[in-house]
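Since the structure of chain A is already known, use the hints to place chain B on it.
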Amino acid sequence: MPILEFNAVNPLTYPFGPTMLGMNLYVLLIHIPIVFGFGAAAYYIIKYLRKFYAERPIPEEWKIFWWAMVWSVIHELIEVPILYQWIIGQVLVIVFFVVQMIASIYLIRGSYILAKKYIVR
Amino acid sequence: MIVPLTPTPKPLMLGIDNFNIDTLMGQTLGWLKWPTLVGLVFSAVAFVIAAYYIIQYTKGFFSGRKIQKSWKFILWGLFITAIAEIGEMLAFYEWPLPGFIEVNFLLVVPHALGGLMIGLGAYFLYKEVTS
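Line order of the protein sequences matches chains A and B. To convert, note that position 26 of the first sequence is 26 in the working numbering; the numbers rise steadily by one, no gaps. To convert, note that position 110 of the second sequence is 110 in the working numbering; the numbers rise steadily by one, no gaps.
Derived from the structure by calculation, the hints contain no laboratory data. A few of these clues could be false.
[Unchecked claim] The calculated label-pair distances, taken between Cβ atoms and stated as ranges, are:
id, chain 1, residue 1, chain 2, residue 2, range
1, A, Pro59, B, Lys33, 38 to 46 Å
2, A, Lys117, B, Lys33, 36 to 44 Å
3, A, Leu29, B, Glu128, 47 to 55 Å
4, B, Asn20, A, Ile58, 42 to 50 Å
5, B, Trp31, A, Leu21, 50 to 58 Å
6, A, Leu28, B, Ile67, 32 to 40 Å
7, A, Ile58, B, Gly60, 19 to 27 Å
8, B, Pro7, A, Glu60, 50 to 58 Å
9, B, Gly64, A, Leu21, 52 to 60 Å
10, A, Ile74, B, Asn20, 43 to 51 Å
11, B, Lys127, A, Val9, 36 to 44 Å
12, A, Val9, B, Arg65, 44 to 52 Å
13, A, Thr13, B, Arg65, 51 to 59 Å
14, B, Asn20, A, Ile32, 24 to 32 Å
Keep in mind it's a predicted model, so treat the numbers as computed, not measured. We treat Cβ as the ideally placed atom computed from N, Cα and C, and that holds for glycine.
Only chain B is shown next, with the shape it has when bound in the complex:
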């Protein structure tokens, strides 16, 4: 059975009080509680680590030269997606009473922005070798 958003008289700005690792999207996790937490945390950490190594890569590869637009986009995309993954974890665990700030400014907007920037970065990368 689906668990819809709980209606509130006014938008809940922060939903951190409703953060509960026993449920995901309002569904009781049971034995899947810890694997789910590990997966969500690891996902966010992976984007941070990837951003760190891409910084190292671009610093060395371009050593002294101007870093290309493509890599700047990819790097920022990875970093912003890390924020989105944290927001995703918060919103999934806070459901059905997630906060407006977590959902919009940590989940939805950074996810779209991060995906867009990585996509654009890869496009510029391709354009740099074709033009």
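Chain A extracted, bound-state conformation:
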């Protein structure tokens, strides 16, 4: 695997080849709900927290849960160049690994503290 390599790959002709435009479009369009779903989650959770807590400080567990959503968006975004092979290389794999670990730790920590604070006593 190279250290870092950039490729110009046309999403309309990839991954199924230039004769299968429908399938290529299907793969391309399905990324909209994937990326925007997590993006919307991060956006609406911060709006919810600002509204719900108003002047009061936002609790730690909610801050962490929100960061988990933010890192999940980054995680989903990185998968796009991986799938389309726009970027190939060890640097991308390392970045992907780091982002996955951070997103996963935030997700577990955020949901655990949420549960712990309200339930596990």
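Frame of chain A; chain B shown alone:
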């Protein structure tokens, strides 16, 4: 150099025979083999653990009351995304000969559905405090 899908006479339904942790998207991983595997497995496990704790949270927080639509969406979104992460691992490792079932029903569709449900759940959460 990119590794495109290998053309087959008919769609490969299951690609598990091509599962190889030495490569990711057809690229040889070398020393990155184990960190990559750990990252992909941990990612899938994290969504399962998060779903478990969110169940505990909603059970306690709503104790006896009806669980709000927002949390149901978030919970199902987390669970479905866990399936998508497993599918992602399979497809990335099976490339350039991934199975139709893994790519569609374990990766692409659950990813879109999971992301959509978490996004909608967060939107409902916001709407519940504003309406």
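Now the hints, each set against the structure:
Between A/Pro59 and B/Lys33 the beta carbons are some 40 Å apart, a value that agrees with the proposed interval 38 to 46 Å. For the pair A/Lys117 and B/Lys33, the supplied restraint of 36 to 44 Å holds, since their beta-carbon distance comes to about 39 Å. The supplied range of 47 to 55 Å is broken by A/Leu29 and B/Glu128, whose beta-carbon atoms lie about 30 Å from each other. For B/Asn20 paired with A/Ile58, a C-beta distance near 45 Å keeps the hint of 42 to 50 Å intact.
Between B/Trp31 and A/Leu21, the C-beta spacing of about 39 Å breaks the proposed range 50 to 58 Å. For the pair A/Leu28 and B/Ile67, the beta carbons lie near 36 Å from each other, so the given range of 32 to 40 Å is met. The given range of 19 to 27 Å is respected by A/Ile58 and B/Gly60, whose C-beta atoms sit roughly 20 Å from each other. One distance hint, 50 to 58 Å for the beta-carbon pair B/Pro7 and A/Glu60, holds here, with the actual separation near 52 Å.
In this structure, B/Gly64 and A/Leu21 meet the distance hint of 52 to 60 Å, their C-beta atoms being roughly 53 Å apart. Checked against the given bound of 43 to 51 Å, the beta carbons of A/Ile74 and B/Asn20, roughly 27 Å apart, lie outside it. Roughly 39 Å separates the CB atoms of B/Lys127 and A/Val9, a value that falls within the hinted 36 to 44 Å. Between A/Val9 and B/Arg65, the C-beta spacing of about 51 Å keeps the proposed range 44 to 52 Å intact.
For A/Thr13 and B/Arg65, the hinted distance range of 51 to 59 Å is satisfied, since their beta carbons lie about 53 Å from each other. A C-beta distance of roughly 30 Å is found between B/Asn20 and A/Ile32, which places it inside the suggested range of 24 to 32 Å.
Comparing the model with each earlier hint shows violations of hints 3, 5, 10; every other hint is respected.
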